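The task is simple: from the sequences and hints, build the whole structure.
Line by line, the protein sequences are chains A and B.
Using this note's numbering, read the first sequence as starting at 1 and increasing by one per residue.
Using this note's numbering, read the second sequence as starting at 1 and increasing by one per residue.
If you are wondering where the hints come from, they were derived from the structure by calculation, not from laboratory data.
Careful: at least some of the hints might be erroneous.
To be verified - List time: in silico BS3-like cross-link candidates among lysine-lysine, alpha-carbon distance up to 30 Å:
1. B:Lys89 with A:Lys17
2. B:Lys86 with B:Lys148
3. B:Lys149 with A:Lys17
4. B:Lys141 with B:Lys197
5. B:Lys203 with B:Lys215
6. B:Lys98 with A:Lys6
7. B:Lys132 with B:Lys148
8. B:Lys32 with B:Lys86
9. B:Lys32 with B:Lys98
10. B:Lys32 with B:Lys132
11. B:Lys148 with A:Lys6
12. A:Lys23 with B:Lys148
13. A:Lys6 with B:Lys89
14. B:Lys141 with A:Lys17
15. B:Lys149 with A:Lys23
16. B:Lys149 with A:Lys6
Remember, predicted model here, so these are calculated numbers, not experimental data.
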Amino acid sequence: MRNFAKIIILILEKDLKIELREKLNLTYVFILSITLSLIGYTFIGPNKLIELFFFISLIASLVANQRISRQEISLGGELILISVPFDLSIICFAKILFFIIISLLINFTVFITLSLVSNVSIFDYGVNFLTLCILFIVGVSSILSTFSLMLERIKGEGQFMFILIYPLILPFLILAYNSIILVHISDSAVFFQSFSLQALVAFDILLLTVCPILFSYSIRR
Amino acid sequence: MKKFHDTNFKLHLLLSKVISMGDSLSIRNISKSYNHNNIFNLISFDIGPGQILNLSGANGSGKTTLMKIVSSQILEYTGEVFLGDKNIKNLGDEYFTKVIYLPPIPSLYENLSLIENIHFFTSIIGIRHNDKAERLINDFKLTSHTSKKISQLSDGSKKKVSILVMFLMNPDFFILDEPYTYLDADALRTLNILINKSTEEGKSFLITDNSIGLKDINFSGLVEL
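Given below as structure tokens:
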């Protein structure tokens, strides 16, 4: 367990060092989030601001994750850490944690941009909104990190292994959408007791567990 | 002098070394095909402790594929690879403490410095080799590059770092795919000295390269594809 934590910290440290030093990906993520927010707001307007917020975060995360995951691939097209003498699920888990940090930055940027252009606060139901944000980020980061790492590494039939977790992805997205609608409920107790939010927590835990295992299995099966 | 970060990991490594002391790597009837095209068929050979085998063959004959199979990076093939009497498919992650594959193109983090790469790769498997790392950096004449990012280094220097990291990891079997590519005469000599010294310690090598560097190696055998 100590080794597990130590490896995760080492990978997180390495990723943070690379991103903070290069700043290219961070700048890209920042500009992409602002641009998508402005485009989204222009097309959809202020009526569905919370839905717009989560949709833009999802798209920005998708693009950013593909880009950031490439750091793990060598010039020869292989996963740099493919031959490490421990389970590869640890690497995937560390990448998920790192992408949670990046997603927080994306969500923060989108939130600020939408707040500035719309002049409408989407923070009226703060606790509900923040809770949903965190649950959404954890699930999306798990799915996207695994997906982009697998796409980079596995050619051919291996990519279809990702279909195995479709039964988890689709309910997650549906539950997230249902929870977004419920964010407007002013009574937080009702929001927290809603089925969709509680099920979303369960799916987050499942995704956090299943995605790294699937990644490891797909490479060293 | 090896120092390990963690007692458990140290014990695990020591035990795995003791168990594997003297084990051979046996390749039995390996065949591989892509899209119904046979690349090679029923290849069998052994790599014993302290042996150096030369894997030769024309371009496209499947040398890299075979090396990746032996180093457990390609898992779909027919035939079997044994370490001692154990099929490598049943050994799990432990196998990677014993066998290392050096790809032709260096596999490093381009945005980390030379020393950061060394530190990362050794820390992640729980070893610390400050003295050995320093000696290897000197041997490969990389002292003035330690704080440079890998992306700023020449292909030759990247290759040296890759080789250096591999020797720090200290496995029992080294699978070297074109190790001499990009290396200058000095580095080539240094690598050959390291290879010869390692075989005296019981380490084994499977090497494929068309370079002139191979002439200074005393091969125990030849595998032709």
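Hints versus structure:
no. : hint                   : result
1   : B:Lys89 with A:Lys17   : violated (36 Å)
2   : B:Lys86 with B:Lys148  : violated (42 Å)
3   : B:Lys149 with A:Lys17  : holds (12 Å)
4   : B:Lys141 with B:Lys197 : holds (19 Å)
5   : B:Lys203 with B:Lys215 : holds (19 Å)
6   : B:Lys98 with A:Lys6    : holds (22 Å)
7   : B:Lys132 with B:Lys148 : holds (20 Å)
8   : B:Lys32 with B:Lys86   : holds (21 Å)
9   : B:Lys32 with B:Lys98   : holds (24 Å)
10  : B:Lys32 with B:Lys132  : violated (39 Å)
11  : B:Lys148 with A:Lys6   : holds (26 Å)
12  : A:Lys23 with B:Lys148  : holds (18 Å)
13  : A:Lys6 with B:Lys89    : holds (27 Å)
14  : B:Lys141 with A:Lys17  : holds (26 Å)
15  : B:Lys149 with A:Lys23  : holds (15 Å)
16  : B:Lys149 with A:Lys6   : holds (24 Å)
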